[in-house]
Amino acid sequence: MTMDLGPHAGFIVGAYVAAIAIVAGLIIWVMLDRRQLARAVDELEGKGIMRRSQRGREEIP
Amino acid sequence: MPLTDLANPSRFLAVVDRLLPWLAAATLLAFAFGIREAYLAPDDYQQGATVKIMFIHVPAAWLGTLAWVLMSIAALGTLVWRHPLADVAAKAAAPIGAAFTLMCLVTGSLWGRPMWGTYWVWDARLTSVLVLFLMYLGVIALWRTIDDPSRAARVVAVLTLVGAINIPIIKFSVEWWNTLHQSASVLRLGGSTIDPTILMPLMVMLVAFTLLFLTLHLAAMRNEIVRRRLRSMLLMQADAAAGA
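Residue numbers (my numbering), protein chains in the order written: chain A, 2 to 62; chain B, 688 to 931.
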């Protein structure tokens, strides 16, 4: 099934490509940010650094 | 669980972790249905197939302005109620709002060239949306300029509330001034002027894009909470090093 986009096909395809690129950029930004943050938190926790609330929780038997 | 419990970042994170996979799945389903409907939608009698640009342009415009409205409500939450998640929500919404406003400008420009004969014109609607995009960039820059998140939040909240004046200007610009951009055709008194065969895919795409916004916003809020935890851990590490 093909679609005839008429004489302005380039503009229509261009608009959809731009929209897909922007949405993909947003998704990649959120995912990479999450991964980098998790890695940094793990690294600090590995060095024994914990937030006050975490320490409090660990002290409770 | 009462809604007020969500003010606690740890409980909020637990809810977001459970909610996000469902929201992502709903977003994918809504897009699959919306893109199918957009594909099958007939050409417009005047604009031909370029009407298909509307299915991404209108939702992008809606989310570009919605994000600023959310940021304005969050700004009140920061300044008036000092809600612990208000500035987290505002900071997370800014880049997403900027991205959708950019999408609105780019797709609008690509729609304008074949329909109006120009990519850009300095009319009230286009200019006010460009101002919105620049304001997003200003807010993002301000968040990055001030190190202390709670101080940055107060400054950004004031700027956001001042910038909120632009939202009704965007909405009513096509009525207040003579613009090349068409007047409202979806949300207007007396109902939509769009034929149901084109309105239906547009509505589905509006729902899909709104779900996408919600998913990305919650994920970005989760990241921001973790970033603040990381910041406090780094400060504790610095304190420990100074004390040693």
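A couple of the hints might just be wrong.
[What the hints assert, rightly or not] So these bits of chain B aren't anywhere near chain A, every CB distance computed over 10 Å:
{"id": "1", "residue": "Phe720"}
{"id": "2", "residue": "Lys739"}
{"id": "3", "residue": "Ala747"}
{"id": "4", "residue": "Ser759"}
{"id": "5", "residue": "Leu789"}
{"id": "6", "residue": "Val793"}
{"id": "7", "residue": "Pro801"}
{"id": "8", "residue": "Val808"}
{"id": "9", "residue": "Leu848"}
{"id": "10", "residue": "Ile856"}
{"id": "11", "residue": "Trp863"}
{"id": "12", "residue": "Asn865"}
{"id": "13", "residue": "Ser872"}
{"id": "14", "residue": "Leu893"}
{"id": "15", "residue": "Met920"}
{"id": "16", "residue": "Ala927"}
[Stated by the list, open to error] Which bits of chain A does chain B cover? Going by a derived footprint, with three or more residues having C-beta under 8 Å, they are:
{"id": "17", "stretch": "4-13"}
{"id": "18", "stretch": "18-27"}
{"id": "19", "stretch": "34-40"}
Please keep in mind that the hints were generated in silico from the structure rather than gathered at the bench.
From the three backbone atoms N, C-alpha and C, an ideal C-beta is built for every residue, glycine too.
Broken hints, numbered, in rising order? 2, 3, 5, 6, 7, 15 and 16
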